[in-house]
Amino acid sequence: MRWAGPAAVFLAAIAVALRAPAWSPSGWVPELPLLVVLHVAARGTADRAALLGGLLGLALAPWTAEPPLLQALALASAGWLGARAAGVVDRRNALVLFAVTLAASLFLRAVEAVASGGAGAPLSAAITCACVTAAASFPFNAAVARLRVLAPLERSFRDA
Amino acid sequence: MRLRRPGRTPLALLAGTVLTLLFPRACDSARIAAASLLPATVPQRDPAPVLPEEERLRLVARIEELERERAALPPSEGAVRILRVERPQRVEAAVVAPVLHRDVSRTRRSFVIGAGSASGVARGHAVIHGESLVGVVDSVAAHSARVLRIDDRAAETAMPVSVLDPKASEGAANRGVGVARGSGDGRVHVGFLPPGSARPGDWIVSAPGGGLVGPGWLLGVVTSAGDDDRDGDFEALASPLHDLDDVATVVVLVAEPVRGVNR
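In order, the protein sequences belong to chains D and A. Per my numbering, residue 1 is the first one in the first sequence, and the count goes up by one each step. Per my numbering, residue 1 is the first one in the second sequence, and the count goes up by one each step.
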């Protein structure tokens with residue numbers, strides 16, 4: 001039962017990612033997979049965030065026309081870089097979380113644009129999505145930390 | 001592999017990047033097959049009710065009657081004639097397929113349908129909804145396939161198109177030929193047009209040379225046209241006839257490649 005919480009969050013992140021294009025094509029739904037990865041980056045280790053990002057990306061691979069490893073690589077890199085960036089400042093600070101999430105979301109869009117030869121998402125949708133995701137970062141982190149659903153992944157924070 | 005050892009994670013990410021660059025289409029069939037195994041994330045419409053045999057025969061007779069009336073009509077003019085005459089005659093079958101999943105990526109416009117190579121679907125086949133083209137089959141598994149929408153910005157969706165004036169008389173309907181490619185935001189961008197050859201309200205129709213997508217399929221209606229960036233390339237933006245985010249059922253036109261040409 002120890003991993004029931006992380007498994008539930010993992011499945012919820014995939015479910016929201018699958019539904020997001022239908023709910024709001026213009027990017028008004030926060031990127032839950034990215035929020036989960038950055039939560040682990042802020043309260044766990046960079047390696048665990050990268051691993052979780054990779055697994056989430058691989059789980060999403062069947063539902064996209066992108067190259068198969070692209071989502072996994074982008075989320076893993078965002079988690080790893082996010083943990084490193086947050087590590088140099090107070091990683092639980094709301095403003096730091098906001099800035100890191102905003103940068104990570106824009107990083108994902110940039111990776112997708114480069115991978116598809118400049119065929120990225122419309123800039124307005126990318127910025128909307130990044131802002132919505134960044135705005136949701138602190139409440140999400142606080143709620144998940146309070147519910148302790150990702151506790152097995154957070155435990156290694158003291159080792160970071 | 002123990003990721004906790006310093007330096008392993010960046011190496012793993014680098015190796016993954018190289019693999020992605022080397023094999024961008026790896027495991028395509030397996031991915032589509034995996035997607036089709038899970039419940040559809042696109043709401044499925046109720047199937048059409050089965051008609052009683054008597055009603056079906058009555059409708060078949062009515063269709064035949066209308067076909068006879070249409071054949072007796074004088075030749076149509078302008079754009080309508082072009083649409084009617086240029087429709088591909090080499091379509092072998094029309095496969096009706098439900099849309100199962102939409103693309104999770106915010107930069108891509110594609111969907112997975114519930115028909116695959118077992119039904120004759122192959123890469124490059126045209127996918128229509130009603131009277132208009134909505135996409136092109138990109139990769140295929142046995143019982144499912146991925147369709148790139150016409151508004152996806154991938155190079156695979158680029159195709160030659162004609163601009164038709166729906167109100168012009170015969171001979172003057174075809175305003176010019178250009179290349180259409182998805183704009184990534186729900187519209188179709190048409191470039192390389194002759195100056196002044198498109199106006200709002202004109203039709204964008206597939207032209208010969210589009211591989212397995214036959215000529216004469218409507219892509220959308222021009223919403224704006226011009227050379228705003230003043231680069232000498234007259235461009236037009238067209239909106240598809242249907243909301244492509246709302247399409248739940250499509251028809252795949254199974255066609256034979258012409259002289260080995262396949263997209």
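Hints should not be assumed to be uniformly reliable.
Negatives, chain D to chain A, calculated, CB over 12 Å [to be verified]:
#	residue
1	7
2	31
3	50
4	129
Per the computed footprint, the stretches of chain A lying under chain D, defined by three or more beta-carbons under 8 Å from a beta-carbon of chain D, are [unchecked claim]:
#	region
5	23-31
6	51-61
7	92-106
Read the hints as simulated data drawn from the structure, not as lab findings. Just so you know, these numbers come straight off a predicted model, no measurement behind them. Virtual Cβ for every residue (Gly too), placed ideally from N, Cα, C.
So, going through the hints one by one against the coordinates:
1. 7: 16 Å, holds
2. 31: For residue 31 of chain D, whose nearest Cβ neighbour in chain A is about 9 Å away, the distance does not exceed 12 Å, so it is violated.
3. 50: 5 Å, violated
4. 129: 6 Å, violated
5. 23-31: Holds, because 7 residues of the region 23-31 of chain A bring their Cβ atoms closer than 8 Å to Cβ atoms of chain D.
6. 51-61: Result for this restraint: violated, n = 0.
7. 92-106: It holds, with 6 qualifying residues against the three required.
Violated hints, in rising order: 2, 3, 4 and 6; the structure is consistent with all others.
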